[in-house]
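**Student:** For reference, the chains in residue letters:
There are 2 protein chains.
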Amino acid sequence: MSSPLSFQTVARCKATDARVGLLSTPHGRVYTPAFLPVATRASVRGLTPEEATEVGASILLANTYHLYLQPGVDTVRAMGGLHAFMGWSGPMLTDSGGFQAFSMGSLKSVSEEGIRFRSHIDGSEHLFTPESAIGYQERLGADIILCLDECVAYGEEEARVREATERTHRWALRCREAQRSGKQALFGVLQGGVYRNLREESARFFTAQEVDGYAIGGLAVGEPKAEMYEVTRHVCAMLPEGRPRHLLGVGSPEDLVECVARGVDLFDCALPTRIARNGALLTGRGRIDITRARFQKAEGPVEEGCDCYACRNFSSAYLHHLFKAGELLGLRLATIHNLRFVLHLMEEMRHAILRDSFPAFKERFLARYRPTDERLRGEQKEKWLRRRGILGVGEGPGV
Amino acid sequence: MSSPLSFQTVARCKATDARVGLLSTPHGRVYTPAFLPVATRASVRGLTPEEATEVGASILLANTYHLYLQPGVDTVRAMGGLHAFMGWSGPMLTDSGGFQAFSMGSLKSVSEEGIRFRSHIDGSEHLFTPESAIGYQERLGADIILCLDECVAYGEEEARVREATERTHRWALRCREAQRSGKQALFGVLQGGVYRNLREESARFFTAQEVDGYAIGGLAVGEPKAEMYEVTRHVCAMLPEGRPRHLLGVGSPEDLVECVARGVDLFDCALPTRIARNGALLTGRGRIDITRARFQKAEGPVEEGCDCYACRNFSSAYLHHLFKAGELLGLRLATIHNLRFVLHLMEEMRHAILRDSFPAFKERFLARYRPTDERLRGEQKEKWLRRRGILGVGEGPGV
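Order-wise, the sequence lines are chains A and B.
So in our numbering, the last spot in the first sequence is 1185, and the numbers never skip.
So in our numbering, the last spot in the second sequence is 1185, and the numbers never skip.
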């Protein structure tokens, strides 16, 4: 089967593993490194497709788990597929639903057959198998689809991670087998936790398969950042040059810069849109909390020089007011600003790599950008994982 | 003082009291009959100023009560006034805050001095006097401002309504006296409940004053529709031709048509945007509930032929999904559709009056449009008024 995807490297950084690539899909081209805004339930968090284009999105990610539960994959198919349903004519990627079955629903059990979980909406029981995960994604109709994988939390023992990694490999073979249409590119999902030997095995396994690209799973699930960066570097170094690499669920500005430097081409993350809803806005110096009293009469935009719709048209004081008053427009403007910030950062990185000045750009960006405190972040992440049942009582990195 | 407003009648219906007028304000012109979308807290319910223009809005209304509490009139003034603050360059009107002090806050007392109320946000105590209501509106800086009035609920005895009407007249004189800037047009607010003699007195009083237009208050507060229409007709007939008439708080499609026929030029109402948030969408045949199962796979737009952004771009099935999934974009699309429906209806009425075919248009529209059941509406309205403390236990039309 010839791939519906083509990927070529356009430029390489001499000092780091950063690279610029051109990904061609049936719905158009994507310059990498690229960030995929999440259109979880076939909508980019309050934005229209035109607005997603305006902030600079060239490819979107939608979640199979959510769309399977609501409105159902058959409804999306009946409406002409995801692109027609949501009015997005550019490239799209769907995940397999596996990660959400862990993180959103109440996970019941993982067996060789698949992942059994309860719906977070009505508690009903469901099963994702490698075959059904592919079938659902074929009905949704994205350009790129993912193999079903088993994700384990940080802190699990090697034997447990090995079990999940090897199952993920067996499932990948079943996924490939289950594919009926040649119009969608299939990405393998690499596992292996923070264990180098398992990561190597997973990279070797998928490199030997006929997959169109590689998604790196099982990271950003509670491990320290330094470890996440190191595993990312290690995995990318083992993957062939000619296919795209997608680091799943990573998207804070500093992580994007660090992981582009380590050879990642594609990213997706709910973070920019999720924090926007709480009034956390991204700037070159770090996050600001627009609800703070100091913005009450702040005449300037959220960030001087930002070309987003919110910064071009409104004062920080107005955004502050909209959040205080609970006005929907506040969420929209914050979402637009944060997505534009991240997508503009990707543009800047592509340009820096093309001009062979990526290391200097990286240094300048990281010197100025103050990340959210890692300890606090770790605690928030753990709370999040625990609330969603990924970590049980007495489990996890903070215990 | 010469008026900052001019109003001229462009065409009159031969069979009804409907008329087309041209209202000129310091921020631009408005063809009447016109509907003012409510930008309660300096934002049209999730829409940008450009979207408000795109749905056909030419003038907006903002609420002094809400802006006084959050972000505060001094903040708005410091940010250059309402227009600059919210990025709307067209005409605007602010109400006096009196009605919201009744309906939103917990009304404490009305005395000759003014209206004492508790904030619905933090319970703090505040006083609106005729003088402060004007001062606040001057700091907000709308093109048209309103006199402070005392509104009473339907079902009150004549003596009580007379008291409120006469106090409203005394307050109007204090409002005129308090005006410092000649740049804003001042509308009187007529009261008198459903009592013809009191309505006549109020019309006579305001006709004798130097006001730039007439707002009709104290209607749509629980009285039967037939009574509301009759009072509206009666009041309009007593007002001079050369000044605009604004019916406060009225805005269901059938009411707009009926009241244009009775001589009203301006309307405002939260209804189109409020019901949109519950998935109630306006169509030529009446409201539909987009969350109903029958829209799950409905391929067509909400209304065939509608030129709004939502109907031009998305299926009913997609809107259904967005509401089911709780996606913000659903609220936006519904708000856009409902505002476009109402603003397009105003356009159609203006064109019909200009072509001298308004009676036929009215008949055709009302024959097709199925209003929400009046009994149900009355009950909803009463519940709403009661919840906000306008009606006490054992009071009101339903008792």
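Hints were generated in silico from the structure; no laboratory data involved.
It should be emphasised that the depicted structure is a prediction, and the values quoted were computed from it without experimental measurement.
Careful, some of the hints might be misleading.
Note that identical chains are pooled: a pair holds if it fits in a single copy or bridges any two copies.
[Said to hold, decoys possible] Here are the simulated DSSO-like cross-link-like pairs (lysine-lysine), alpha carbons at most 27 Å apart as the crow flies:
id, residue 1, residue 2
1, K894, K1148
2, K969, K1083
3, K969, K1011
4, K1011, K800
5, K1011, K1083
6, K969, K1148
7, K1110, K969
8, K1110, K1011
9, K1110, K894
10, K800, K1083
11, K969, K894
12, K1110, K1083
13, K800, K1148
14, K1083, K1148
15, K894, K1083
**Student:** State for each hint whether it applies.
**Tutor:** The hints, checked one at a time:
1. Taking CA atoms no more than 27 Å apart as the test, K894 paired with K1148 passes in neither setting, with 43 Å inside one copy and 60 Å between copies.
2. In this homomeric assembly, K969 and K1083 come within 27 Å of each other (Cα to Cα) only across copies, at 25 Å, whereas the closest approach inside a single copy is 53 Å.
3. Taking CA atoms no more than 27 Å apart as the test, K969 paired with K1011 passes in neither setting, with 37 Å inside one copy and 59 Å between copies.
4. For the identical chains of this complex, K1011 and K800 are intra-copy neighbours only, at 24 Å inside a copy versus 77 Å across copies, given an alpha-carbon limit of 27 Å.
5. With identical chains, the CA atoms of K1011 and K1083 are never at most 27 Å apart, being 37 Å at best within one copy and 45 Å at best between copies.
6. For a Cα distance limit of 27 Å, the shortest separation of K969 from K1148 qualifies neither inside one copy, at 37 Å, nor across copies, at 54 Å.
7. In this assembly of identical chains, K1110 and K969 lie within 27 Å of each other by CA distance neither inside one copy nor across copies; the values are 47 Å within and 30 Å between.
8. Taking identical chains as interchangeable, the C-alpha atoms of K1110 and K1011 are never at most 27 Å apart, the minima being 33 Å within one chain and 37 Å between chains.
9. For the identical chains of this complex, K1110 and K894 are inter-copy neighbours only, at 25 Å across copies versus 40 Å inside a copy, given an alpha-carbon limit of 27 Å.
10. For the identical chains of this complex, K800 and K1083 are neighbours neither inside a copy (46 Å) nor across copies (53 Å), given an alpha-carbon limit of 27 Å.
11. Neither within a single protomer nor between protomers do K969 and K894 lie at most 27 Å apart by alpha-carbon distance, with minima of 33 Å and 68 Å respectively.
12. For a Cα distance limit of 27 Å, the shortest separation of K1110 from K1083 inside one copy, 13 Å, qualifies, whereas the shortest one across copies, 38 Å, does not.
13. Taking identical chains as interchangeable, the C-alpha atoms of K800 and K1148 lie at most 27 Å apart only when both belong to the same chain, with a minimum of 14 Å there against 73 Å between chains.
14. Proximity of K1083 and K1148 under a CA criterion of 27 Å is satisfied in neither setting, with 34 Å inside one chain copy and 48 Å between copies.
15. Taking the shortest alpha-carbon separations for K894 and K1083, neither the intra-copy value of 51 Å nor the inter-copy value of 31 Å comes in at or below 27 Å.
Against the hints set out earlier in the document, violations occur for numbers 1, 3, 5, 6, 7, 8, 10, 11, 14, 15.
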